[in-house]
Every structure is written in structure tokens, then in C-alpha cells.
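Participant: In case you want the letters, here they are:
2 protein chains.
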Amino acid sequence: MEQAPASGAQTLLETLVQAGVTTCFGNPGTSEVHFIHGLDAVPAMRCVLALAENVATGAADGFARMSGATAATLLHCGPGLANGLANLHNARKARTSIVNIVGDQAQFHGYLDPPLASNAEAFAQTVSNWTRRSNSSLTVGADAAAAIAQARFGGGAIATLILPSDVCWGTGGPIAISPPAPPRNVVGEDAIKAARDLLCGSKRTAIILGDDALNERCLRLAHAVGAKSGARVLAHSFIRRVERGGDRLAIGRVPYAVAPARAMFADIEAIVLVGAGRPVFAFAGPDGLSGPEAEGTQFIALGSPGDDVEAALDMLCNRLGAEPEGTNAMPRAAGHREVAKGPITPDAFGQSLAALLPHDAIVVDEGISFGRSVFAATQHAPRHDWLQLTGGAIGCGMPLAIGAAIAAPRRRVITLQADGSGLYSVQALWTQARERLDVTTIVFSNRSYEILFNETRRMGLTPGASAERMFSLDDPAMDWVKLANGFGVEAASAASMEELNDLLASALTRSGPFLIELLLGPRRS
Amino acid sequence: MEQAPASGAQTLLETLVQAGVTTCFGNPGTSEVHFIHGLDAVPAMRCVLALAENVATGAADGFARMSGATAATLLHCGPGLANGLANLHNARKARTSIVNIVGDQAQFHGYLDPPLASNAEAFAQTVSNWTRRSNSSLTVGADAAAAIAQARFGGGAIATLILPSDVCWGTGGPIAISPPAPPRNVVGEDAIKAARDLLCGSKRTAIILGDDALNERCLRLAHAVGAKSGARVLAHSFIRRVERGGDRLAIGRVPYAVAPARAMFADIEAIVLVGAGRPVFAFAGPDGLSGPEAEGTQFIALGSPGDDVEAALDMLCNRLGAEPEGTNAMPRAAGHREVAKGPITPDAFGQSLAALLPHDAIVVDEGISFGRSVFAATQHAPRHDWLQLTGGAIGCGMPLAIGAAIAAPRRRVITLQADGSGLYSVQALWTQARERLDVTTIVFSNRSYEILFNETRRMGLTPGASAERMFSLDDPAMDWVKLANGFGVEAASAASMEELNDLLASALTRSGPFLIELLLGPRRS
Numbered sequence: 000m001e002q003a004p005a006s007g008a009q010t011l012l013e014t015l016v017q018a019g020v021t022t023c024f025g026n027p028g029t030s031e032v033h034f035i036h037g038l039d040a041v042p043a044m045r046c047v048l049a050l051a052e053n054v055a056t057g058a059a060d061g062f063a064r065m066s067g068a069t070a071a072t073l074l075h076c077g078p079g080l081a082n083g084l085a086n087l088h089n090a091r092k093a094r095t096s097i098v099n100i101v102g103d104q105a106q107f108h109g110y111l112d113p114p115l116a117s118n119a120e121a122f123a124q125t126v127s128n129w130t131r132r133s134n135s136s137l138t139v140g141a142d143a144a145a146a147i148a149q150a151r152f153g154g155g156a157i158a159t160l161i162l163p164s165d166v167c168w169g170t171g172g173p174i175a176i177s178p179p180a181p182p183r184n185v186v187g188e189d190a191i192k193a194a195r196d197l198l199c200g201s202k203r204t205a206i207i208l209g210d211d212a213l214n215e216r217c218l219r220l221a222h223a224v225g226a227k228s229g230a231r232v233l234a235h236s237f238i239r240r241v242e243r244g245g246d247r248l249a250i251g252r253v254p255y256a257v258a259p260a261r262a263m264f265a266d267i268e269a270i271v272l273v274g275a276g277r278p279v280f281a282f283a284g285p286d287g288l289s290g291p292e293a294e295g296t297q298f299i300a301l302g303s304p305g306d307d308v309e310a311a312l313d314m315l316c317n318r319l320g321a322e323p324e325g326t327n328a329m330p331r332a333a334g335h336r337e338v339a340k341g342p343i344t345p346d347a348f349g350q351s352l353a354a355l356l357p358h359d360a361i362v363v364d365e366g367i368s369f370g371r372s373v374f375a376a377t378q379h380a381p382r383h384d385w386l387q388l389t390g391g392a393i394g395c396g397m398p399l400a401i402g403a404a405i406a407a408p409r410r411r412v413i414t415l416q417a418d419g420s421g422l423y424s425v426q427a428l429w430t431q432a433r434e435r436l437d438v439t440t441i442v443f444s445n446r447s448y449e450i451l452f453n454e455t456r457r458m459g460l461t462p463g464a465s466a467e468r469m470f471s472l473d474d475p476a477m478d479w480v481k482l483a484n485g486f487g488v489e490a491a492s493a494a495s496m497e498e499l500n501d502l503l504a505s506a507l508t509r510s511g512p513f514l515i516e517l518l519l520g521p522r523r524s
Numbered sequence: 000m001e002q003a004p005a006s007g008a009q010t011l012l013e014t015l016v017q018a019g020v021t022t023c024f025g026n027p028g029t030s031e032v033h034f035i036h037g038l039d040a041v042p043a044m045r046c047v048l049a050l051a052e053n054v055a056t057g058a059a060d061g062f063a064r065m066s067g068a069t070a071a072t073l074l075h076c077g078p079g080l081a082n083g084l085a086n087l088h089n090a091r092k093a094r095t096s097i098v099n100i101v102g103d104q105a106q107f108h109g110y111l112d113p114p115l116a117s118n119a120e121a122f123a124q125t126v127s128n129w130t131r132r133s134n135s136s137l138t139v140g141a142d143a144a145a146a147i148a149q150a151r152f153g154g155g156a157i158a159t160l161i162l163p164s165d166v167c168w169g170t171g172g173p174i175a176i177s178p179p180a181p182p183r184n185v186v187g188e189d190a191i192k193a194a195r196d197l198l199c200g201s202k203r204t205a206i207i208l209g210d211d212a213l214n215e216r217c218l219r220l221a222h223a224v225g226a227k228s229g230a231r232v233l234a235h236s237f238i239r240r241v242e243r244g245g246d247r248l249a250i251g252r253v254p255y256a257v258a259p260a261r262a263m264f265a266d267i268e269a270i271v272l273v274g275a276g277r278p279v280f281a282f283a284g285p286d287g288l289s290g291p292e293a294e295g296t297q298f299i300a301l302g303s304p305g306d307d308v309e310a311a312l313d314m315l316c317n318r319l320g321a322e323p324e325g326t327n328a329m330p331r332a333a334g335h336r337e338v339a340k341g342p343i344t345p346d347a348f349g350q351s352l353a354a355l356l357p358h359d360a361i362v363v364d365e366g367i368s369f370g371r372s373v374f375a376a377t378q379h380a381p382r383h384d385w386l387q388l389t390g391g392a393i394g395c396g397m398p399l400a401i402g403a404a405i406a407a408p409r410r411r412v413i414t415l416q417a418d419g420s421g422l423y424s425v426q427a428l429w430t431q432a433r434e435r436l437d438v439t440t441i442v443f444s445n446r447s448y449e450i451l452f453n454e455t456r457r458m459g460l461t462p463g464a465s466a467e468r469m470f471s472l473d474d475p476a477m478d479w480v481k482l483a484n485g486f487g488v489e490a491a492s493a494a495s496m497e498e499l500n501d502l503l504a505s506a507l508t509r510s511g512p513f514l515i516e517l518l519l520g521p522r523r524s
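Heads up: the protein sequence lines correspond to chains A and B, in order. Take 0 as the starting number for the first sequence in numbering that gives the first Met the number 0 and just add one per residue. Take 0 as the starting number for the second sequence in numbering that gives the first Met the number 0 and just add one per residue.
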């Protein structure tokens, strides 16, 4: 029989590594020093340091999205976990696979209420599908294996293991083997037949694809269904990852804004949800509208999120006699290869980005107001993956880019970063510099919470002086070049499309991170 | 009968203002645009914008500590609250008085699971003494009044009111009157007699003062008790606010570090806890030690935290015949008036700070490793208040300074800021610039999590290459001058005591914020 590791920390680390969980994003504290010490004995585990926990959790999300593997985080007690909850909320909505390891007080110590004593379970349960406190270094291997299994259920979930420090320093127990991820749920024949009947009927239909249906093959299947049935095919609004560009088939999204979303569904009578929830506005206003569909729209589900929707789409094609390998009537990508000149607009930006995007890039989109239409403007770019904010908790962009770059080290990562959102987790730039990641960040610097001006007006309100001041970031104006430099990232600003084009072209060929502050001028009221 | 306000948001704001809650630190989102719009109609409410929620919550804590009033926060949905939980954890440990207002989805909308839908109550309950969801614009006044009352119980507590956006935009109901804060619990005669008997007995005793016993008068009372009984008088380790310097009586703290804390109590047989919990180490190690007291030490409590310990100390003086107005044998402050020269050390820094500190300043101490001994080195400075990290959740320093400066606009605020901790909430600098606050920040730039090196060694471990890399912040080295400039705060670095002295002297006389990066050189292993 193999000898057990020397400490609980090593048992835990070896259990993670044996299950293929070999990258951990963390910010440690005193209760984790034995875990960190264990890293010296388990070199197969790569631990990436973040200056703030929301950077670590967002990076884990990005890593899981691009690798398809389970990411780990290391966080310091309840409050350290608290600092990372917002991006775990986003990861939960994205259904990515993350095991959080949260250090805590030694079990004999916590009852005295030291400063960092807290209800770590309560913090964890706000975003976790599964939470457990490990009670012994002899069983921590089994606890870790259970966490990994839970994090892999249904394609991806958030599992949190609370790790008292005495469990780390105690004598190591056996390394445990995590069971293989269970297969995804099969979508039943009845659901496939119902979708087929609806799509063959007389109603005007749309198909909304959830995150599990946005890989290249699913898009081909879905477009074949659309071509055969006349259904409009769309992705949902808040995309975990979509494979697009090059010779892939293009896909639009359900618009974020209420008016265009309503217009898009005005003539639709029935919607097939392919592993997707119902379309829903990010927020409702006094008009009482919650979603874009016309009144009386019929919804049917082809699988729930996490189900095997690829197989379901395959069968649906079969039942419909649709031909996924045919290309007629399918929206192939082809378009601009020239950068844009003239005024800085979202479309001009999108055109330049599409023209300059390297093959097989990864685009992380937290562009918010300015960036909203860049998605459409880049569908003709060379092939790439596109990752978005999934849960509305802003501050995910630059952290996601860290994880994506570590998961795909030979691919260029481009982050489209709204300035207000980027400031929540600006500390991410330091980790990008430290890990020498090939990440190019473009900050849309409009120096305001533009979305809040827009939403205020949508509600029929006029911002007065107090409201104006709460939405404006121009007093003082942030200087993103200095901020980036302060964190060790080279940077420059662009005040015209010409400057942007030059900077972006050179940034995309250089090693390591670079930030471009795109100066959008004062807010346009 | 007075007309009710036009909207639920205005009812809420008017209720807060009528109860004297007139300062709100916030970071709004779409669900709060009606609240923000209400600010235009209720100018008595000052709303201070933060770029990240942990800045808002830390500022609220600082405001409450210095004003003695209840502070409000405005946060955006569960994840926005999540971003502010760490400093609310600190505020809860400090027992400060805060009402959190957390926007949420309109009630008819949340069931569709929009991106920011979350269990806001679950997030809130991790740090709140009281949580309620307001269900109607007609009753939101009463809800707010209840929140304020709860936040004022026992001297200070955290109350969280969840505010669906439809409650904000609905027709306003009546403004509610918050009941006066209930009087603090009286410490009973038995407890006073027990303390007296113990202190008059033959045991060697110490008195540990909690946060409610650290104002000028309580310190005088406690020192009189000490002088009369021979008891050693100390403050607990994690101080909300202590009034010190000038002609006030000095007070030492229970040391943070294990060895000096153990030494301090080695000969003590009994400890009187004055509104304080038992002394406890921030973390326990494999040595199994949880607190500094010798084995068999007797503890007795003179009141619990939040009780009327000032009255209890008064009565204890009376029972002992101690004379608080007498000054014999009491540790008066008097000392250095010259800045230090030579090598940069904690003591040299403390000497310079004491020499340069303006009268009636406020010192915010998140100095961690380098800063630990500055407290002792400044007890002879001119009179000032000293605020500390109370709950171990780092990232409180610069946010606390915002709130302190807004609560006490004519007083100079000096923040002693460890670099690693400061990076969690570096966004605070922007609000300092925006609000033109007279805050001078000194960053102790050792470019490492020095405390983790120290704790690792205390545990008997030697950091290897992996551990070393997780504790080091020097690759790349942060440039705090650029970071501060990027947020609109002027800054300079000092590499010698002479440079520091010059910079500090000039910074302390200027208007608005200034940051000094004190370069401590490479880590000393």
C-alpha cells in the first residue's frame, strides 16, 4: 500500500492533482500557510496569485470556460471568500466547474471568536451548489474527491470545501480518487418530438440556444434546424462561451436592450429553448415587462441547462430531415478585412477588431454600453471564442482573461473592458503581468456608468445633479495608463480610430499584457 | 396630515434623514436608479460614490466610528452586497452602526431568474444582525425605521434592508419615525462586586478593555482602578477607536504576536474583561495555543460588549476608592518632538509620525507587519484618535479613512497602510480625490505578504520556491505613486527617513489627499 502524504494539505493537493485539477487561483492568508507549504511538495499543482479574491474566482471561471476542466481557488476564511463571491455568482450562472478551497480557523480555536471567525458555510452557500467542511486530515482526501465530483455534475457546478487549518497540518490520510463525471441527462424522445411538431407546424418560431449549445457543432445543427423549419435561431443574451468567426456559422444574441429585443420577437408565436432558460431582461421597470416575447408566446424546452443538448439537436435534425452538413441558407462568416477610420463608434471599433483579430483568439467581453454591439460587428472576424459576463456582477472581464490565457497559453486573449466595470477588479492587471500572459485589454473609457444614465432615461426619469454625480466617473478622471503601469502592465491611450488601429496592431503581436485606454470623450447626454 | 412622498424611494430617504442618517456610501446599479433619482428630491441625504462596494462599506464603518451616528450604504443586488461583505464583517466586529440598503429585482421579475437574481437575504445574513426585505412602497418607511432602530441596538449593529426596485418606484407611503436607541444594558452590582473582590485580593491581575471602554474618560477610570489595585491595564488587540495622545492617559494593547502576548500574561493569575471578549490569537497553530493567558487563569466579565461599561467602571472606582481625577502613577503622555533619522524602522517611523502629527488627527491603522509597533511609538503624540482593523478582513484602511474624513471634516486623517492589504481596496483613493478629503496615506511598501512569511516561520515551516512566490509581491513591483496618480491622488515615494519626514510634513498641511509610498526595500528573509 502506498504511503499516505505527510500532511492533510498534501493529501488534498494530491487528490486534486490526481483528478486533473492542477490549476489553483488564490489569495492566501495565515490559515492557509500549511496549504501553501504543501505546494512545495506537490509541484504538479500550479497556484496563481491574485491581489484580491474576486480576481482569483473570475480567473478560475475563465480557466474552466476555456479548458473544460475543473478549476480550483484558494481563499482565506469567510471574508476572503466573500471578496470572491461576485465572480462565483457569475461562474454559477455560467455553470462552470470550480472547487473553492476556503481556509478557516483551526477547529479548537474558532469557538473563542478570533477576528476572522465567521460562518464560512453561510458565505459559501450563497453561490455554491455544494458545501462541506472537512473535519480531519485523515478524510480530507475523500472530502476533496467529493467536491470535485460535485463540481463536475451537469457539466459544471460550484463546490466549496471549507478547510480548517488543523486539517491541513494534521497527518495526511489517503489520497482519494474522484469518480468520473456522470454523463449528462439525456433529452427525452417526447421533448424532441414536441419540438419537431412545433417547428413543422404553422406557427412562426424561434430557437434560443443556451450555453451548452454554442459550440461549433451545435451551431451547425441548430442552423440546419432553422434552415429546414424557418425558425429564427439565436443565442441567449449572457453567453458563457461561443465558438465563432472564420468558417463557422454566425449566431446573433437575444438583445440586452428592451426595445430591440421586443422588436425581434414581435412576430414570433412559439420559442424552443435549447438548454436555455426563458429570455429575460436584466432588470424590469415600471412598464412591467420582464421578457422580450409577445403576449401569448408558447415556450417549449428541448432539454434543461446541463442536459445533453448536442445529442438532442442531432436527433431533432434527424426527425426533421435537416442537413447539418449542407450550407445553403446558413449565415456564413465573411466580411471586412480593413480597419475603420473616422469617429470612434462601437461599429468602427468592431470593424477594426475584426480586421486585426489574430486567428484563434479569445475575446472576453465586458464592454457593457459601448461594447454591446461589438459582438455583431465581429461575427465575420477570423475564428475565435467569445466569453461574456454571465451573471451581471460586473468586474469579471480582466479576471476571466487571466484564466483563459492560462488555459490556452498559445492563444491571444483580448479583453473588451468597460471602464466602470473594470475598476471593480483592476488588480487583475498585476497577475497578468506576473504570469506574462498574452492579454490585450481595451478599456472603453467613457468615464461614466453610462448604462445607468441609459436605464434612468428608459424609466422615464431625468437625472438631476445628485443622480448625475452618482453616475459620473470624470471627477477626477481615471488614468488607465497610469493604473496599468502601476500594476506593471505597459499601456497607452488612443483618442482616434487611427491611434487605436496602430496600437492594437502592435499590441496583438507583443509578448505579455498590454492595455489600451480608448478615450471616448466626455459623456454624451 | 402631511402628504406622503411621491415615491417609495423618497419615503425611504426621508425616513433615514429624519432619524439623522444623512450620509450614504454607495455604488448603485440599475435596480437602484429610482433610489438615486430620489436623491434629487431629498438633498439632505449626502450620497458618496465608491468605485467598489468594499470601499463603500469600509467608509460607512469609518464614518460611524468617528461620528457615533448611523451610516448608510447603498449596494447593488446580492453580488454588489457580496463585494462589500468583508468590510461589513469588520464593522460587525467593531459593533458600528450601519444600515445597508441593498437594491434587488422588482418583485414580479425575480422569479424569471435574470442574471443578477440571487438570494440577497443569504448574502446579508452572513454579516447582519438584522435583515428584512421591504415588500411595498407603502410600508418601506416603517421598514427603514425598523432597520435604523436595529442598527442602534447595543451601541451599534449591522442592519440590512433589501429593497426591490418596485418598492422604490411605487407610490410613497408615510415617513416613519425611528424610535430612540434603547439605553445600553446596565452592568449589575454582582459583577462590579466580583471585580472589586478580585482586584482587592491577592492574585496578580490584569484588566482588558473592550471597545466601549476606550474613550478618554473610561481610560481615566480604568487607570485609576489599575493604580489602586495594582492591576495591569490593557486594551484588547483589535481596536475600533481609542482616544489617545496629548494629555490623555496612555494605554497598551494585548500584543498580536504570540510570544510577546504570552510573556505579557505569564505572571497574571486573573483577568477582568471590561466589555471585552477573551483575548485570542488571530490564528492558532499546531502548538495548540489559542490565547495569551497562563494556564489556569481566571476570567471575570465586567459587562459584555455593548453594555454600559463606563458606568460600571465609575462604580468600580467608587467601590475601590480609586481616584480617577488623581494623576499619580498614571502613564501620562509626553515624549519625542523630533523626527527620526537614519534607517527606516517601525520605531523610527513612529517617532517621526508622533513628531509631525497635527493636533486632533485621526490615525487609521492597517499597517500590519511593519505597522504593528507604531501604536506604541506614537502614544506620546499630540491628541488623536486611533482606528484599527477589527475583524482581520484586510482592505479596510483607505476606506475607513474616507468615512472618518467625512465625519470629521476639519480633522486630518492619516492612514497607515500595509501594501498587500491596501491593494484589496485601492479604489478608495479615487473617492478620497473626488471628495477632496484631507487624508494622508502612508503605504508601507515591503512588496510581500510579510505576515505570511512570519506566520510560516512561526509554524516551524520553511517557505520553498512555491510558497515564496505566493507571498511575494515584487514581480512586478507595484508602483503606488502611479496607482495613486491613476486615481487622481497626488503621490510621492520616500526611500529614507529624511525623505519621509519632508514629504510627511508637507503632505499634512496640504488640502486634499496625498499618498506617500514608503519604500522598505526588498524583503528581509
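Hint data in this document are derived by calculation from the structure and do not stem from the laboratory. Computed from a predicted structure; not experimentally measured. Each hint should be verified, as a subset may be incorrect.
Repeated chains share a single entry, so a pair holds when one copy, or any two copies, can fit it.
[Stated by the list, open to error] Quick list of in silico lysine to any residue cross-link-like pairs, SDA-like style, CA-CA up to 25 Å:
| no. | residue 1 | residue 2 |
| --- | --- | --- |
| 1 | 192 | 356 |
| 2 | 202 | 21 |
| 3 | 481 | 510 |
| 4 | 481 | 509 |
| 5 | 481 | 435 |
Participant: When no copy is specified for residue 192 and residue 356, does a C-alpha distance of 25 Å or less occur within a copy, between copies, both, or neither?
Facilitator: Close neither inside one copy (41 Å) nor across copies (79 Å); limit 25 Å.
Participant: When Cα atoms must be at most 25 Å apart, do residue 481 and residue 510 count as within-copy, between-copy, both, or neither?
Facilitator: both (20 Å within a copy, 23 Å between copies)
Participant: Have a look at residue 202 and residue 21 and pick one of within, between, both or neither, based on CA distance no larger than 25 Å.
Facilitator: The answer is neither: 50 Å in one copy and 57 Å across copies each exceed 25 Å.
Participant: Indicate which option fits the pair residue 481, residue 435 if close means a Cα-Cα distance not exceeding 25 Å: within, between, both or neither.
Facilitator: Answer is both; intra-copy 19 Å and inter-copy 20 Å each pass.
Participant: My question is about residue 481 and residue 509: at a cut-off of 25 Å on alpha-carbon distance, are they close within one copy, between copies, both, or neither?
Facilitator: Close inside one copy (20 Å) and across copies (23 Å); limit 25 Å.
The structure is inconsistent with the numbered hints 1, 2, although it conforms to all the rest.
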